[in-house]
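Please model the entire structure based on the sequences and the hints provided.
Protein chains: 2
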Amino acid sequence: MKPIQVGLLGLGNVGGGVYEVLRRNQEEIQRRAGRGIEVAMVSRRDVAKARAMVGHTAQVVADPRAVIANPDIDIVVELIGGYDLARELVLEAIAAGKHVVTANKALLAMHGTEIFAAAHAKGVMVAFEAAVAGGIPIIKALREGLTANRIEWIAGIINGTTNFILSEMRDKGLDFGVVLKEAQRLGYAEADPTFDIEGVDAAHKLTLMSSIAFGIPVQFGKAYTEGITQLSSIDIRYAEQLGYRIKLLGVTKRTSAGIELRVHPCLVPSKRLIANVEGPMNAVLVQADAVGTTLYYGKGAGSEPTASAVIADLVDITRLHTADPQNRVPHLAFQPDAMSDLAVLPMSEVVTSFYLRLRVADEAGVLTKVTGLLAAGGISIDAVLQREADQVGGEGATSTDLIILTHDVKEGAMNEVIAQMQALPSVLAPITRIRKEELN
Amino acid sequence: MKPIQVGLLGLGNVGGGVYEVLRRNQEEIQRRAGRGIEVAMVSRRDVAKARAMVGHTAQVVADPRAVIANPDIDIVVELIGGYDLARELVLEAIAAGKHVVTANKALLAMHGTEIFAAAHAKGVMVAFEAAVAGGIPIIKALREGLTANRIEWIAGIINGTTNFILSEMRDKGLDFGVVLKEAQRLGYAEADPTFDIEGVDAAHKLTLMSSIAFGIPVQFGKAYTEGITQLSSIDIRYAEQLGYRIKLLGVTKRTSAGIELRVHPCLVPSKRLIANVEGPMNAVLVQADAVGTTLYYGKGAGSEPTASAVIADLVDITRLHTADPQNRVPHLAFQPDAMSDLAVLPMSEVVTSFYLRLRVADEAGVLTKVTGLLAAGGISIDAVLQREADQVGGEGATSTDLIILTHDVKEGAMNEVIAQMQALPSVLAPITRIRKEELN
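Quick note, the sequences are listed as chains A and B, same order.
Reminder that position 259 of the first sequence reads as 258 in numbering that gives the first Met the number 0, one-by-one numbering, no gaps.
Reminder that position 5 of the second sequence reads as 4 in numbering that gives the first Met the number 0, one-by-one numbering, no gaps.
Incorrect hints may have been included.
[As the list claims (entries may be wrong)] DEER-style ranges, computed between Cβ atoms:
no. : chain 1 : residue 1 : chain 2 : residue 2 : range
1   : B       : Ala412    : A       : Arg44     : 55 to 65 Å
2   : A       : Gly176    : B       : Lys270    : 27 to 37 Å
3   : A       : Gly35     : B       : Asp71     : 33 to 43 Å
4   : B       : Glu19     : A       : Ala51     : 55 to 65 Å
[Stated by the list, open to error] Result set (DSSO-like, lysine-lysine): computed pairs, CA atoms no more than 30 Å apart in a straight line:
no. : chain 1 : residue 1 : chain 2 : residue 2
5   : A       : Lys180    : B       : Lys270
6   : B       : Lys270    : A       : Lys171
7   : A       : Lys121    : A       : Lys221
8   : B       : Lys270    : A       : Lys270
9   : A       : Lys180    : A       : Lys121
10  : B       : Lys1      : A       : Lys121
Because the hints were derived from the structure by calculation, they are not lab data.
Beta carbons are placed, not taken as given, at the ideal position from N, Cα and C, and that holds for glycine.
This is the structure:
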């Protein structure tokens with residue numbers, strides 16, 4: 000049987016990995032897929048560079064549209080990234096009746112609804128395992144492995160750059176800026192790290208997981224995104240003393256009021272497996288009604304881990320493209336006509352517990368005032384940690400750190416009380432507040 | 000569209016869970032599957048008990064063959080367990096053109112080759128996600144999620160009973176017998192716990208994972224199986240002091256010489272995530288060439304976790320039964336005509352490192368003699384731990400524990416040296432030897 004003909008749009012880090020792994024494991028992959036899978040054509044602006052990588056094993060062109068126009072190509076793999084051109088090319092490939100595989104989380108988080116609708120209408124598959132958590136088959140687990148369940152929540156470490164930075168800050172007691180430079184030197188962070196450190200990349204991935212977990216449309220615009228740039232190593236140390244680690248989590252949860260969709264730094268109990276996921280590794284924790292808790296761990300980025308996910312999609316398409324399109328696995332796990340319109344909650348409605356650090360004057364009655372405000376706001380306290388006073392500035396004036404862990408409270412109510420605390424004369428600096436999840 | 004009609008053979012703990020979860024999550028499951036999934040018929044010897052569970056929502060019969068004979072049934076779910084009758088019923092269901100879902104690891108480990116061949120010839124699916132690691136979608140991950148990879152090894156905690164016992168022995172410093180009774184009281188161990196504590200259940204599951212990871216036939220007869228009944232809490236304590244936990248692992252590895260297929264207690268570095276999987280939880284660690292290390296964690300048993308896996312298979316069949324049978328996901332991940340004949344290695348050929356505990360007379364030169372034998376056998380030492388001498392018996396005779404961690408060595412060579420050590424007059428008791436895996 001003629002091998003499935005694959006066209007790669009883009010032959011950079013991931014594209015090169017896809018080409019290399021398909022070549023290296025060709026025999027093993029064919030034994031699984033029942034049919035050869037062959038990169039027949041690649042597009043890259045720098046044709047010479049592409050030619051150097053693939054030699055004459057594949058046709059090389061500069062124009063990605065030449066790949067889409069090639070009638071021999073069965074599956075188009077979009078690896079050029081970005082929004083506009085990628086969107087056009089994916090829609091053109093679908094219109095041309097090609098199955099599409101993409102690792103482009105940004106594209107799908109922004110334009111997924113349009114793209115999946117076009118694919119459904121045309122009866123082709125758009126697969127995107129590589130778009131979330133790299134080589135971890137988490138899309139497959141959510142879309143196919145847990146179909147019996149009512150999924151309750153997902154909490155994931157889904158950005159390796161920020162997890163590496165937080166691990167280093169904790170291990171070495173260094174501050175964010177220092178570690179970011181190291182991460183850039185080691186290649187764990189890009190020259191412009193904004194998407195990673197501000198949580199945007201994690202929010203793209205979380206948006207896709209939320210959609211397939213709860214059967215809601217892809218709506219990145221409604222995701223709350225808070226990065227790690229404001230974290231200081233002192234909070235990591237205090238958290239440690241209280242039995243917690245600080246991780247950048249993507250959390251999406253189904254509540255009676257609506258869907259939570261949020262990325263932010265978070266205290267997690269040190270004893271949880273996910274709290275012990277260090278360095279650039281990723282992990283996704285899923286809570287569902289029948290199976291209970293499951294966790295999926297692995298490399299979230301890199302050439303070959305990402306290629307592993309892209310090729311898994313190629314094998315799925317090879318195995319299943321003969322299925323009646325109405326009976327295939329739906330792109331977003333739920334049938335297009337059976338999506339839910341559960342609203343995404345504003346953060347003020349989201350309920351979590353909190354870690355608060357207040358820099359206060361070391362004088363009688365401060366704790367009473369602070370806890371009084373919490374009580375008046377109906378917020379109960381889980382734990383208090385007060386450090387010994389230390390000298391700051393002259394005149395023997397002393398101040399101290401007051402750390403408070405709260406029980407669950409609506410974020411809106413918490414913010415009001417924080418504003419009241421901030422107004423106290425004995426509170427000497429901006430209050431630090433980090434959300435906390437017990438994940439049980 | 001008419002719901003898929005499911006017939007359950009057996010309505011005990013798992014069958015009840017399947018019925019309950021299908022009922023409770025009916026709407027959500029249909030939104031995913033694109034079609035209703037309905038338990039139309041159940042068989043149980045005690046018809047009254049079955050009737051009490053399903054009321055009049057399903058037809059209830061005593062004879063499982065009446066379910067297979069029912070032309071309206073699309074999928075037969077085998078949940079009666081055991082070998083002979085289960086084998087007959089599954090083969091009869093296949094012959095009748097039904098798709099089959101089973102949670103019966105013992106059946107597949109023993110008769111899988113025959114059953115999958117029959118299913119392939121008939122063009123029906125036999126799905127068995129529930130047979131390995133309960134609710135964790137590990138079969139799907141290996142068979143579909145990692146298809147790009149050359150899988151190198153799998154190491155799993157795939158028996159909850161033994162992991163619970165080992166966790167308790169470690170936490171409470173209790174001995175095996177005591178904890179086993181507690182596990183039986185709590186329902187974590189059966190009245191006859193042999194299959195669990197002797198590693199047979201784990202070996203059944205490992206045999207299936209090995210087959211789909213490496214594309215080899217299911218061959219339980221060649222699995223090496225060693226349980227936890229001989230473990231003493233003192234070895235758990237010594238291992239802890241050396242930075243290790245003791246787990247019952249199922250390990251299958253592809254080497255140039257052949258396939259390792261073995262279940263036995265094992266020292267694992269405490270810092271590995273899998274070493275921190277406690278209580279009845281399961282976890283499977285997979286090493287593959289492109290993706291690197293991935294780990295899958297969750298409940299390995301129980302009514303609803305197992306039902307979660309059974310129903311995932313029902314949804315897969317509902318979604319994909321229209322695919323050309325030659326193009327569906329192969330039962331054992333590899334195409335039937337592309338299986339490998341890699342031989343399973345005898346244990347004497349297996350290479351691991353070892354933990355050795357020798358009870359020796361507290362006299363000069365013992366360590367020299369022992370290490371001399373290791374050196375002569377070409378076995379290098381990773382670490383030595385010698386306890387202070389303690390009084391045993393009268394006459395002021397004293398003895399002490401000598402703990403040795405070796406580097407990698409062939410098991411055959413290790414056994415020869417252990418026999419030589421055992422023959423030393425200063426070695427006062429049978430030598431304890433536990434294999435060790437660094438899992439990196």
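Hints and how they fare:
Between alanine 412 of chain B and arginine 44 of chain A the C-beta distance comes to about 57 Å, which sits within the given range of 55 to 65 Å. Checked against the hint of 27 to 37 Å, the C-beta distance between glycine 176 of chain A and lysine 270 of chain B comes to roughly 29 Å, which is consistent with it. Restraint check, glycine 35 of chain A to aspartate 71 of chain B: a C-beta distance of roughly 40 Å satisfies the suggested window 33 to 43 Å. Hint check: glutamate 19 of chain B to alanine 51 of chain A, Cβ distance near 59 Å, so the stated range 55 to 65 Å holds.
Between lysine 180 of chain A and lysine 270 of chain B, the direct Cα distance comes to roughly 27 Å. Compliance with the 30 Å bound is thereby established for this hinted pair. Distance check on the hinted pair: lysine 270 of chain B and lysine 171 of chain A sit about 18 Å apart at the alpha-carbon level, within 30 Å; holds. For the suggested pair lysine 121 of chain A and lysine 221 of chain A, the alpha carbons sit about 28 Å apart, so the restraint of at most 30 Å is met. With a CA separation close to 12 Å, the supplied pair lysine 270 of chain B and lysine 270 of chain A stays within the 30 Å bound.
For the suggested pair lysine 180 of chain A and lysine 121 of chain A, the alpha carbons sit about 47 Å apart, so the restraint of at most 30 Å is broken. A distance of roughly 25 Å separates the Cα atoms of lysine 1 of chain B and lysine 121 of chain A; the hinted pair therefore holds under the 30 Å criterion.
Hint compliance for this structure: hint 9 alone is broken.
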